[in-house]
Amino acid sequence: MADFILRALVAGLLVALIAGPLGCFVVWRRMAYFGDTLAHSALLGISFGILIDINLQFSVILACLVIALLLFSMESRHHLATDTILGILAHSSLAVGLVILSFTDANMDLMAYLFGDLLTVTNRDLMWIAAGVITALIILVLSWNQLLTITLHQELAQAEGLNVGRMRLLLMLLIATVIALSMKVVGMLLITSLMIIPPASVRNFSNSPEKMAFFASLVGCLAVCGGLLASFYLDTPSGPSIVVSAAVLFMLSSAIKNR
Amino acid sequence: MTNSLLQAQNISLAIDGKQILQNINLQIDAKRIVTLIGPNGAGKTTLVKIVLGLLAPSAGKVNLRNNLRIGYMPQRLHVDNSMPISVQKFLHLAVRAKPELIEKVLDEVKAAHLLHSQIHSLSGGELQRVLLARSLIQDPELLVLDEPVQGVDINGQAELYALIASIRDSHQCGILIVSHDLHLVMSATDEVICLNQHVCCHGHPEQVSNDPAYLELFGKKQAASLAVYAHHHNHSHSLDGEVVNGEALNGDHSGHDHG
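For the record, the sequence lines run as chains A and B. Add 146 to a position in the first sequence, counting from 1, and you land on the number used in the numbering used here. Add 21 to a position in the second sequence, counting from 1, and you land on the number used in the numbering used here.
These aren't lab readings, by the way, just hints derived from the structure by calculation. Fair warning: there could be bad hints in the mix.
[To be verified] Lysine-lysine pairs mimicking DSS-like chemistry, simulated, CA-CA at most 25 Å apart:
#	chain 1	residue 1	chain 2	residue 2
1	B	K82	B	K110
2	B	K125	B	K39
3	A	K357	B	K52
4	B	K110	B	K52
5	B	K39	B	K52
6	A	K357	B	K119
[Claimed, not checked] A short, non-exhaustive set of chain A residues, derived as facing chain B with CB atoms under 10 Å:
#	residue
7	D199
8	Q203
9	P345
Where a beta carbon is used, it is the ideal one built from N, C-alpha and C, also for glycine.
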């Protein structure tokens with residue numbers, strides 16, 4: 147098998163591995179639109195990174211964090227619903243990103259960032275992704291019970307001595323990291339689907355948070371394999387193919403459940 | 022004084038210039054049940070948060086006995102439907118509680134059979150029992166129960182209050198109960214504090230129920246709630262739960278039409 151396919155497969159599987167469990171929190175805490183907003187702000191990170199010439203993964207994480215912090219401060223100051231504020235932030239950051247991009251003379255392929263470009267993953271990319279995924283997985287496993295506790299009941303967690311603010315920040319940081327890592331795999335417009343569809347597919351087959359997280363990883367990996375196969379044999383774009391195969395798995399799981 | 026678990030002195034809280042709490046004094050002793058009662062928006066839950074240290078007052082201070090173990094039962098647990106979690110796992114999350122301890126506290130609230138149930142499958146009363154069990158895990162010296170009978174039917178409410186009284190005896194702990202209905206709490210309570218931004222009146226339940234400040238705040242409402250049962254019973258209950266014949270004790274029936 148060609149090297150580039152193997153690299154694509156490993157990168158995709160790695161990202162699916164962390165996107166599943168983390169996506170569970172996105173689903174449990176109803177943060178889907180929040181994830182989407184962070185993904186939109188990733189483009190701001192990219193154009194900013196190109197402008198001042200720093201590592202793009204790093205600048206994406208930075209942009210996601212800035213937007214997330216902005217959201218927190220806006221939530222407490224404005225009398226607006228959270229989804230309104232998220233809408234403002236998502237589209238402003240995307241627009242600002244595009245405008246900044248026009249100032250740089252980078253002759254870049256925007257489509258690759260919007261929809262991913264898994265087949266051009268380099269060894270260097272792969273190293274970044276592997277390091278990021280392993281770090282994120284370790285942090286997630288270590289803080290798993292605390293994250294569950296703040297998800298179940300914030301005040302109860304606080305009364306039992308947990309630093310809720312710090313845990314929420316940690317969760318945001320993890321989501322921002324995964325978004326930065328999966329940029330190459332499915333692209334910013336499709337990232338949230340990789341976090342949401344696998345957990346949603348396995349909800350009905352799980353009776354504990356851990357099982358749901360594990361199954362979500364599994365479904366994510368299956369989706370990556372299916373998408374890459376389709377991409378290889380049918381010559382379809384890899385990112386969207388992965389999401390399509392995830393969607394098919396979701397429909398299958400609904401059908402099995404309803405039988 | 023040596024028996025005192027908690028003393029709150031001159032607690033005031035203003036948010037955005039709006040006075041929420043004014044000059045509140047509160048003391049809870051070991052083995053005593055104190056009920057905090059007041060209409061919606063009186064600041065009961067806010068006061069609880071201050072007592073628990075989740076919220077800082079604008080003025081005044083809360084003194085806790087050194088190393089006081091506090092058990093907290095929040096008003097309501099809402100777990101998103103997308104999260105599968107068993108009662109056992111939920112109780113385990115508290116302080117990594119051991120299986121034997123989990124079974125012991127569940128047994129105490131007479132809910133041992135729920136150990137492997139999913140949180141979503143519980144009825145209102147069962148869920149409150151599980152929450153109560155969680156507050157018992159650290160063998161608390163002070164229990165703080167915020168509206169413990171919410172979402173529980175009338176019969177279940179009386180049972181739950183009897184259970185709380187028995188917990189006071191077995192754990193020898195002080196208990197602070199928040200309620201908006203004095204009617205059922207009465208028999209289990211040693212002291213009542215009637216709150217509406219400030220402490221309107223406080224003292225022994227009988228004493229408070231005859232206090233003009235209490236009658237002004239609750240008279241009509243209590244009378245109305247008694248009127249509902251007048252259709253079904255040939256007796257009514259005195260405020261500490263004993264059966265009495267004829268008129269209820271509130272004495273404010275004049276000018277109030279039972280139609």
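Quick rundown of the hints versus the structure:
no. : hint               : result
1   : B:K82 with B:K110  : violated, 36 Å
2   : B:K125 with B:K39  : violated, 45 Å
3   : A:K357 with B:K52  : violated, 43 Å
4   : B:K110 with B:K52  : violated, 30 Å
5   : B:K39 with B:K52   : violated, 35 Å
6   : A:K357 with B:K119 : holds, 20 Å
7   : D199               : violated, 42 Å
8   : Q203               : violated, 30 Å
9   : P345               : holds, 8 Å
Violated hints, in rising order: 1, 2, 3, 4, 5, 7 and 8; the structure is consistent with all others.
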